[in-house]
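These protein sequences, in sequence, are chains A and B.
Numbering-wise (full-length UniProt numbering), the first sequence opens with residue 1 and increments by one.
Numbering-wise (full-length UniProt numbering), the second sequence opens with residue 1 and increments by one.
Since the hints were derived computationally from the structure, they do not count as laboratory data.
Fair warning: this is a prediction, and the values are worked out from it, not measured in the lab.
For glycine and all other residues, C-beta sits at the position ideal for the given N, C-alpha and C.
Mixed in with the good hints there might be a few duds.
Stated by the list, open to error - Chain B residues, not near chain A, derived (Cβ > 12 Å throughout):
#1 Ile-2
#2 Trp-81
#3 Thr-84
Unchecked claim - Pair by pair, the computed Cβ-Cβ distance ranges are:
#4 A:Gly-67 <-> B:Val-79: 23 to 31 Å
#5 A:Leu-63 <-> B:Phe-42: 32 to 40 Å
#6 B:Asp-80 <-> A:Thr-53: 15 to 23 Å
#7 A:Lys-29 <-> B:Leu-76: 34 to 42 Å
#8 B:Leu-39 <-> A:Ala-144: 34 to 42 Å
#9 B:Leu-39 <-> A:Pro-40: 29 to 37 Å
#10 B:Asp-69 <-> A:Ile-111: 51 to 59 Å
#11 B:Tyr-57 <-> A:Ser-145: 52 to 60 Å
To be verified - In silico contact screen, one side only, chain A against chain B (beta carbon under 10 Å); selected entries:
#12 Ile-7
#13 Val-16
#14 Met-90
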Amino acid sequence: MRVSHLIKQKSYERVVHVLRRHPLTFIPKILLFIVLAVVPLAVYGMIDNLFPTLFSSDAVFALAILGGSAYSLGVLLFFYQQFIVFYLDMWVVTNDRIVDVEQLGLFSRTISELDLFRIQDVTTDVHGLFPTLFHYGRVTVKTASSNINIVFFDVARPNDIREELIQLSHEDRKFHYGTAVTSE
Amino acid sequence: MIAIPLYVILFLYFLFLAVIATFVLINLYHIVATASFTLVSFTMTFFIFAGITLVLYYTAQLLHHAAIDWKTPLVLFNVDWFRTIFGSQPF
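Whole structure, please, built from the sequences with the hints as guidance.
So this is what it looks like as structure tokens:
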């Protein structure tokens, strides 16, 4: 499936950006995965030192192998699911609207959209050492309605995106109202 | 005494494999359904499938080389465990 199909792209619409979270924000999950993956080896080493004859029994050995295997598969699945939740959070910016696809879990997804001409305010937040060094942060898009706000979490180059969104919003206003509404 | 043959654990393991396979396929479906099948997601999917293949291969190898008798009874509960709990002599 293509992005155009996902957002049901209109004939006059052009996809400007497909935004996802910055890859650096996935590193804590990778570190957690490495720690979890090493646990069976550490446990095996510990048991082998404390109870050297434990694995000589057929039943215990089989249980240890199957248990370790199930644990490893569980960790791999957990990591894959974390990746899905990370990677499937995306924001599609077209010359007409913003489509926000939020993957909250394996069986939970929210899709919302916002017309560009309704945008009233775009704010960027870059907080912390890594976001400042690697240029990623949050972009909050607000409309006049208090309940329709879209937030791009941890996207790369938030300031460029903000400027581009304001530009696109002006162009969309021209298209819808025939004239651009200039901000003070 | 309550005991089960060791192969029951093997069947439970196979059941767990079926659950894992189902969830991996659901994740894969999400990637395809949200137009996110890119080089990044392909690489991650490849890594996960390679990891699963390696884990299954080594599990099979270890079990095969150990030549386990799957009919060995696995004791889940034995009254004798409690008879000697307060000393070496039974009640």
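Taking the hints in turn, this is what the structure says about them:
{"no.": "1", "hint": "Ile-2", "verdict": "14 Å, holds"}
{"no.": "2", "hint": "Trp-81", "verdict": "16 Å, holds"}
{"no.": "3", "hint": "Thr-84", "verdict": "19 Å, holds"}
{"no.": "4", "hint": "A:Gly-67 <-> B:Val-79: 23 to 31 Å", "verdict": "26 Å, holds"}
{"no.": "5", "hint": "A:Leu-63 <-> B:Phe-42: 32 to 40 Å", "verdict": "36 Å, holds"}
{"no.": "6", "hint": "B:Asp-80 <-> A:Thr-53: 15 to 23 Å", "verdict": "20 Å, holds"}
{"no.": "7", "hint": "A:Lys-29 <-> B:Leu-76: 34 to 42 Å", "verdict": "37 Å, holds"}
{"no.": "8", "hint": "B:Leu-39 <-> A:Ala-144: 34 to 42 Å", "verdict": "40 Å, holds"}
{"no.": "9", "hint": "B:Leu-39 <-> A:Pro-40: 29 to 37 Å", "verdict": "31 Å, holds"}
{"no.": "10", "hint": "B:Asp-69 <-> A:Ile-111: 51 to 59 Å", "verdict": "54 Å, holds"}
{"no.": "11", "hint": "B:Tyr-57 <-> A:Ser-145: 52 to 60 Å", "verdict": "56 Å, holds"}
{"no.": "12", "hint": "Ile-7", "verdict": "9 Å, holds"}
{"no.": "13", "hint": "Val-16", "verdict": "16 Å, violated"}
{"no.": "14", "hint": "Met-90", "verdict": "7 Å, holds"}
Consistency note: the structure conflicts with earlier hint 13 alone.
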